[in-house]
Every structure is written in C-alpha cells, then in structure tokens.
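Construct all of the structure, not just a fragment, from the sequences and the given hints.
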Amino acid sequence: MEQGGDQGDLIELPAVEVPAAQIALDQLDLVYAFIFARVGNRADAEDLTQQVAMKAIPRLRAEAAAASIRAYLFATARSVLAGFWARKFGLPEEELHEDLALPAAPSPARSEPNAASERVTRLLAALPANYRRVLELRFLRGYSLKEVAAETGNTVGAIKVMQLRALRAAARLESDA
Amino acid sequence: MPEDDEVKRSRRLEEVVRDLLAGKRLRIGTADAHDRDAIMAAAALAGQRDPYPRMSPVFRRRLAARLEPAREPGLLSRRSALVAGLAAAAGALAGTGVGRLLQPAPQVVRYGSATVFPAVRWYDAGPLSAFKEGVPVRFQAGSVGTYLVREGQNVNGLSSVCTHLPCELNWTPSAHQLTCPCHNVAFDTEGFQITSPESYPLPPLPRVQVRITPAGRVEVGAT
Numbered sequence: 004m005e006q007g008g009d010q011g012d013l014i015e016l017p018a019v020e021v022p023a024a025q026i027a028l029d030q031l032d033l034v035y036a037f038i039f040a041r042v043g044n045r046a047d048a049e050d051l052t053q054q055v056a057m058k059a060i061p062r063l064r065a066e067a068a069a070a071s072i073r074a075y076l077f078a079t080a081r082s083v084l085a086g087f088w089a090r091k092f093g094l095p096e097e098e099l100h101e102d103l104a105l106p107a108a109p110s111p112a113r114s115e116p117n118a119a120s121e122r123v124t125r126l127l128a129a130l131p132a133n134y135r136r137v138l139e140l141r142f143l144r145g146y147s148l149k150e151v152a153a154e155t156g157n158t159v160g161a162i163k164v165m166q167l168r169a170l171r172a173a174a175r176l177e178s179d180a
Numbered sequence: 146m147p148e149d150d151e152v153k154r155s156r157r158l159e160e161v162v163r164d165l166l167a168g169k170r171l172r173i174g175t176a177d178a179h180d181r182d183a184i185m186a187a188a189a190l191a192g193q194r195d196p197y198p199r200m201s202p203v204f205r206r207r208l209a210a211r212l213e214p215a216r217e218p219g220l221l222s223r224r225s226a227l228v229a230g231l232a233a234a235a236g237a238l239a240g241t242g243v244g245r246l247l248q249p250a251p252q253v254v255r256y257g258s259a260t261v262f263p264a265v266r267w268y269d270a271g272p273l274s275a276f277k278e279g280v281p282v283r284f285q286a287g288s289v290g291t292y293l294v295r296e297g298q299n300v301n302g303l304s305s306v307c308t309h310l311p312c313e314l315n316w317t318p319s320a321h322q323l324t325c326p327c328h329n330v331a332f333d334t335e336g337f338q339i340t341s342p343e344s345y346p347l348p349p350l351p352r353v354q355v356r357i358t359p360a361g362r363v364e365v366g367a368t
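Quick note, the sequences are listed as chains A and B, same order.
Per our numbering, residue 4 is the first one in the first sequence, and the count goes up by one each step.
Per our numbering, residue 146 is the first one in the second sequence, and the count goes up by one each step.
To be clear, the hints were calculated from the coordinates, so they are not data collected in a lab.
Do not take every clue at face value.
[To be verified] Only pairs whose alpha carbons sit at most 20 Å apart, straight line, appear in this in silico DMTMM-like list of lysine to aspartate or glutamate:
1) B:153 - B:195
2) B:169 - B:159
3) B:169 - A:177
4) B:169 - B:150
5) A:149 - A:139
6) B:277 - B:296
7) B:153 - B:164
8) B:277 - B:335
9) A:149 - B:335
10) A:149 - B:159
11) A:149 - B:195
12) A:58 - A:32
Here it is in structure tokens:
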C-alpha cells in the first residue's frame with residue numbers, strides 16, 4: 004500500500020563513520036579499473052596500478068581530502084599509462100605523450116567501469132556495420148578468427164585485414180571524439 | 146598502403162590481439178608500433194571482456210606488503226590509513242601494526258559508509274508484530290528491493306542487492322547471513338560484509354529508511 008509521506012515517526016538510522024582507509028581503497032580499485040580498461044590484461048594492469056600506488060601514496064598529504072586523493076591518483080595513473088605505452092612503442096619516455104594516456108580520467112560522479120563501457124559502446128556504434136560486427140564477435144563474444152570468418156561468410160585472411168581496418172577506424176573515432 | 150603490407154600488418158596485429166584475448170601481457174614488436182593506435186584500440190576492447198574489473202586478493206596482499214614500510218610509525222595519517230585499508234582488505238591484519246590500529250571485528254568488515262536511499266514514498270510492510278527479531282524479511286518497496294530486520298521496537302532496512310554485482314541476495318537462515326548467489330560474498334543482518342581471506346572488500350549494503358506508524362505499522366521509504 005502506498006501512502007503519503009507525513010505519517011508516523013521516522014526511525015533515525017545511525018550515522019556510519021567513513022574511515023579514510025576505505026575511501027582510499029575504493030580509489031585504487033577505480034584506478035585499477037581505469038588502467039585495465041586501457042591495457043586489456045590483468046598482469047599489465049596490476050603492474051601499472053602498483054606503480055601508481057608507489058608513486059602517489061608517499062606524496063599524499065595526511066590531511067588530503069578524498070576528492071584530492073582521487074584526482075592525484077588518476078593524474079598519476081595517466082602519466083604512468085603514457086610511460087607504459089611510450090616504452091611499448093619505443094618512444095622516448097622523457098617526452099610527453101598526452102595522446103597515449105587519453106581519454107582523461109572519469110569525473111567523480113561516474114564509475115570508471117561504466118564510463119569505459121559507454122565509451123566502447125559509443126565507438127562500436129559509430130563504426131560501419133561490417134567493422135562493428137567483426138570487433139563485437141572477436142572481442143566481446145570471444146570468437147576466433149576462424150569462427151568470425153564462418154559467421155560472416157569471409158575468409159580468415161579477409162577477416163584479419165578487416166580487423167586491422169576496424170581497429171584503425173575505431174582509433175580514429177576515438178581521437179576525433 | 147600496398148596490399149601485401151596491409152596483410153603483414155594485419156598478421157602482426159592478430160598476434161597482439163590473440164595474446165590480449167588469452168589474457169596475456171601486451172607484447173609489441175618494433176614493427177607493430179606503426180599501428181599503435183590500432184593496438185591501443187584492441188587493448189581497450191579486450192578490457193571490455195571484464196566490465197567490472199577489480200584487484201585480485203593476491204594482488205591486494207602483494208601491494209599491501211609493498212606499501213607497508215612507507216607507514217609513519219605512531220601516526221595514522223591518510224597515507225598509513227590507505228595502507229591499513231589495503232592490509233585489511235588483504236586479510237593481513239593479524240600481527241601487524243596496521244591491524245592493531247584498526248582492530249576490526251573478526252570476520253565482519255565494519256568500515257565503509259552505507260548510503261541511504263531517499264524516501265519519496267512510503268510503502269506499508271505490515272504490522273511490526275509480524276516481524277521476528279533479527280530475521281530479515283524480503284520486501285519490495287516500489288522499485289527498491291529491501292530486507293527488513295527487526296531490532297526490538299525498530300526495524301532496519303537494507304538494500305537486497307549485493308554491492309559488488311547487481312544480484313539479489315538470499316537469506317540463509319542456517320548461516321544467519323544474506324548470501325549473494327553470483328559470487329562468494331555474504332553480509333550480516335546489519336549490512337556489513339562477512340569476509341573470508343579471499344573475498345573482495347565491499348561497501349556495506351545501502352540503508353533503506355523505515356518508520357513505525359503510531360498504529361504500529363512498518364513503513365518503508367523508497368522511490
């Protein structure tokens with residue numbers, strides 16, 4: 004039964020204290036999710052999250068607010084990610100490679116997994132249908148090249164090339180976004 | 146781009162993709178670096194296979210161990226509190242200075258804040274006398290699934306959805322806990338997580354506002 008809001012006595016719920024430890028722990032989980040969504044594998048994501056923690060935590064001020072901790076952890080994460088990609092691609096690490104760390108960290112109001120997922124969904128939706136199909140089957144449904152070829156009526160070689168073109172197209176859309 | 150060059154590039158890229166989809170580390174050769182944007186796009190797509198990635202318990206423990214020496218003795222600064230949080234999450238509290246500072250109750254994690262659902266409308270859940278002391282009752286208040294737990298003349302309301310994945314919790318009378326059917330996680334009747342050494346630390350269950358009317362009826366606030 005639905006009723007109006009002015010009947011009875013409201014039972015006050017006890018306030019629950021928020022220890023800083025839990026706040027910071029939540030932040031590192033989000034940092035890990037942010038990195039994982041960009042490097043796509045657990046081992047690299049763990050290494051990079053550890054780098055972020057080791058770099059950022061000793062520099063935190065004791066009285067820093069949760070929002071500041073989050074901002075600093077994510078700024079460090081972006082710089083660590085840029086260094087990671089620079090090393091992978093054989094670029095000088097001392098140079099700034101802003102493009103390698105993009106996109107920027109999510110706003111505090113949004114959870115990282117949702118933000119990354121929405122970004123990929125948007126990218127896929129903007130691709131031509133044949134490219135989107137190949138990437139969805141391969142990455143989101145875990146099909147092998149052979150299975151994608153059978154599903155789409157193409158040769159394995161053609162799918163391999165289409166995968167390259169589709170990923171390039173996705174990257175172009177990402178950089179234009 | 147000549148066709149054979151594109152074929153070569155597509156073959157090299159496929160090796161990177163295959164590794165990523167097998168969960169392996171990124172291994173990128175010098176030649177592959179020309180296709181860096183495509184590789185980064187592949188990594189981002191591979192990351193979507195796990196839309197809710199969380200640090201593994203083993204990694205948490207390792208990270209906590211690496212960070213522990215940085216703690217300033219005698220101070221529970223934000224930095225040491227963070228280390229403490231990691232150590233707590235890793236189940237590594239026993240015997241550590243960090244553990245002594247926090248001293249959580251055994252088995253049940255009591256840190257983290259419970260969010261409180263707004264009460265836009267009030268839903269009648271029946272007379273208070275119908276509720277047994279300490280035994281959660283599942284109640285749907287509009288769009289909000291709840292467990293209502295009587296404590297004396299009060300009733301506490303908890304969200305019925307796990308704070309990890311959006312799965313409906315089940316009441317397990319034998320263990321006196323709310324159990325998530327999706328993974329190995331349970332909560333006590335106050336909404337706090339009951340941990341095992343391998344479990345992820347999770348926020349407590351969101352609170353749902355409850356009131357008792359002068360007529361002794363239990364009402365639940367929800368949207």
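> Regarding the pair residue 58 (chain A) and residue 32 (chain A), is the alpha-carbon distance no greater than 20 Å?
Replying inline: holds (16 Å)
>> Just to be careful, I want the Cα atoms of residue 149 (chain A) and residue 335 (chain B) compared with a cutoff of 20 Å; is the pair within it?
In response: violated (52 Å)
>> Given the hinted pair residue 149 (chain A) and residue 159 (chain B), is their Cα-Cα distance within 20 Å?
In response: holds (12 Å)
> Has the given pair, residue 149 (chain A) with residue 139 (chain A), been kept, meaning a C-alpha gap of at most 20 Å?
Replying inline: holds (14 Å)
>> For residue 169 (chain B) and residue 159 (chain B), compute the direct alpha-carbon distance and say whether it is at most 20 Å.
In response: holds (13 Å)
> Does residue 164 (chain B) lie within 20 Å of residue 153 (chain B) when you go C-alpha to C-alpha?
Replying inline: holds (17 Å)
>> So if I understand the rule, the pair passes when the alpha-carbon distance is 20 Å or less; does residue 169 (chain B) with residue 177 (chain A) pass?
In response: Given that 20 Å is the threshold and the Cα spacing comes to 24 Å, the pair is violated.
> Going straight from one Cα to the other, do residue 277 (chain B) and residue 296 (chain B) come out at no more than 20 Å?
Replying inline: holds (9 Å)
> Given the proposed pairing of residue 153 (chain B) with residue 195 (chain B), does the C-alpha separation stay at or below 20 Å?
Replying inline: violated (30 Å)
> Do the alpha carbons of residue 169 (chain B) and residue 150 (chain B) lie within 20 Å of each other, as the hint requires?
Replying inline: Not OK: residue 169 (chain B) and residue 150 (chain B) at ~26 Å, beyond 20 Å, violated.
>> Need the status of pair residue 277 (chain B), residue 335 (chain B): alpha-carbon distance at most 20 Å?
In response: Status holds; Cα separation ~15 Å.
> Holds or violated: residue 149 (chain A) with residue 195 (chain B), Cα cutoff 20 Å?
Replying inline: The hint is violated at about 23 Å.
The structure fails hints 1, 3, 4, 9 and 11 (numbered hints given earlier, in ascending order).
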